[in-house]
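Engineer: Residue strings, one per chain:
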Amino acid sequence: GNSVTQMEGPVTLSEEAFLTINCTYTATGYPSLFWYVQYPGEGLQLLLKATKADDKGSNKGFEATYRKETTSFHLEKGSVQVSDSAVYFCALSREGGSYIPTFGRGTSLIVHP
Amino acid sequence: DAGITQSPRYKITETGRQVTLMCHQTWSHSYMFWYRQDLGHGLRLIYYSAAADITDKGEVPDGYVVSRSKTENFPLTLESATRSQTSVYFCASYRTSGDNTGELFFGEGSRLTVL
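Which chain is which? The protein sequence lines are C and P, in order.
For my numbering, add 10 to where a residue sits in the first sequence, where the first one is 1.
For my numbering, add 535 to where a residue sits in the second sequence, where the first one is 1.
Read the hints as simulated data drawn from the structure, not as lab findings.
Label pairs and their computed distance ranges (CB to CB):
{"id": "1", "chain 1": "C", "residue 1": "Gly19", "chain 2": "P", "residue 2": "Thr561", "range": "28 to 38 Å"}
{"id": "2", "chain 1": "C", "residue 1": "Val92", "chain 2": "P", "residue 2": "Gly551", "range": "36 to 46 Å"}
{"id": "3", "chain 1": "C", "residue 1": "Tyr40", "chain 2": "P", "residue 2": "Ser565", "range": "15 to 25 Å"}
{"id": "4", "chain 1": "P", "residue 1": "Thr621", "chain 2": "C", "residue 2": "Ser68", "range": "33 to 43 Å"}
{"id": "5", "chain 1": "C", "residue 1": "Asp64", "chain 2": "P", "residue 2": "Val600", "range": "42 to 52 Å"}
{"id": "6", "chain 1": "P", "residue 1": "Ile589", "chain 2": "C", "residue 2": "Gly19", "range": "28 to 38 Å"}
Simulated pairs of lysine to any residue, SDA-like, Cα-Cα distance not exceeding 25 Å:
{"id": "7", "chain 1": "C", "residue 1": "Lys62", "chain 2": "P", "residue 2": "Thr636"}
{"id": "8", "chain 1": "P", "residue 1": "Lys546", "chain 2": "C", "residue 2": "Tyr49"}
{"id": "9", "chain 1": "P", "residue 1": "Lys592", "chain 2": "C", "residue 2": "Ala37"}
{"id": "10", "chain 1": "C", "residue 1": "Lys78", "chain 2": "P", "residue 2": "Glu638"}
{"id": "11", "chain 1": "C", "residue 1": "Lys78", "chain 2": "P", "residue 2": "Gly633"}
{"id": "12", "chain 1": "C", "residue 1": "Lys62", "chain 2": "P", "residue 2": "Gly633"}
{"id": "13", "chain 1": "P", "residue 1": "Lys546", "chain 2": "C", "residue 2": "Gln55"}
{"id": "14", "chain 1": "C", "residue 1": "Lys62", "chain 2": "P", "residue 2": "Tyr629"}
{"id": "15", "chain 1": "C", "residue 1": "Lys70", "chain 2": "P", "residue 2": "Tyr629"}
{"id": "16", "chain 1": "C", "residue 1": "Lys62", "chain 2": "P", "residue 2": "Glu638"}
{"id": "17", "chain 1": "C", "residue 1": "Lys62", "chain 2": "P", "residue 2": "Arg630"}
{"id": "18", "chain 1": "C", "residue 1": "Lys70", "chain 2": "P", "residue 2": "Gly633"}
{"id": "19", "chain 1": "P", "residue 1": "Lys592", "chain 2": "C", "residue 2": "Asn12"}
{"id": "20", "chain 1": "C", "residue 1": "Lys70", "chain 2": "P", "residue 2": "Glu643"}
{"id": "21", "chain 1": "C", "residue 1": "Lys66", "chain 2": "P", "residue 2": "Arg630"}
{"id": "22", "chain 1": "P", "residue 1": "Lys605", "chain 2": "P", "residue 2": "Arg544"}
Far from chain P, some chain C residues (derived; all Cβ distances over 10 Å):
{"id": "23", "residue": "Ala27"}
{"id": "24", "residue": "Phe28"}
{"id": "25", "residue": "Lys66"}
{"id": "26", "residue": "Glu73"}
{"id": "27", "residue": "Ser82"}
{"id": "28", "residue": "Glu86"}
{"id": "29", "residue": "Gly88"}
{"id": "30", "residue": "Gln91"}
All residues carry an ideal CB built from backbone N, CA and C; glycine is no exception.
Please model the complete structure; the sequences and the hints are all you need to start from.
Structural biologist: Spelled out as structure tokens, the structure:
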């Protein structure tokens, strides 16, 4: 079946540091890939997505590239801010059929001033 | 305001009591979901619904009941609450996009404590 594996957290960084959160997936066919972000006390919201191999999703300075050869969708940001402190979830959804997304366990990011 | 509204936001109950968590969307998204979020487990799917009167089990359905008589509402009922059901519950709806994918929209969550 489909699965998503994320790096364990928490990830603790100083402001302006470079961020990478690793995500790998197992899926049949050609899934779409997503990163969702959950700020403290809130529900999840979509951060970015990519729908086919080699696509790059980007938003708010975050980027992730759909790498089919390594089945990965790593999240990166060149310079993090304190306001980026949140939990980040990698997810995939199957092409066509039912829209049931599969989530990773989430990675907590803590950014210190 | 458009979006997903969950109620109550916070609930404390006792073991054995029935609890219903409400979820309302102001769009007409076909798919709706209930997740629970627990430390060490991330998000786990409890139930989902593809349309009114169509529901199906997710990963952890035991002890929960859902209904969907109207497209906009998707209540989740714990028929006899247990301490293991202490969690934060999220409702979500799914909006499809033109690129054969879509986006989940989440409510703010309902924090349930079972004593």
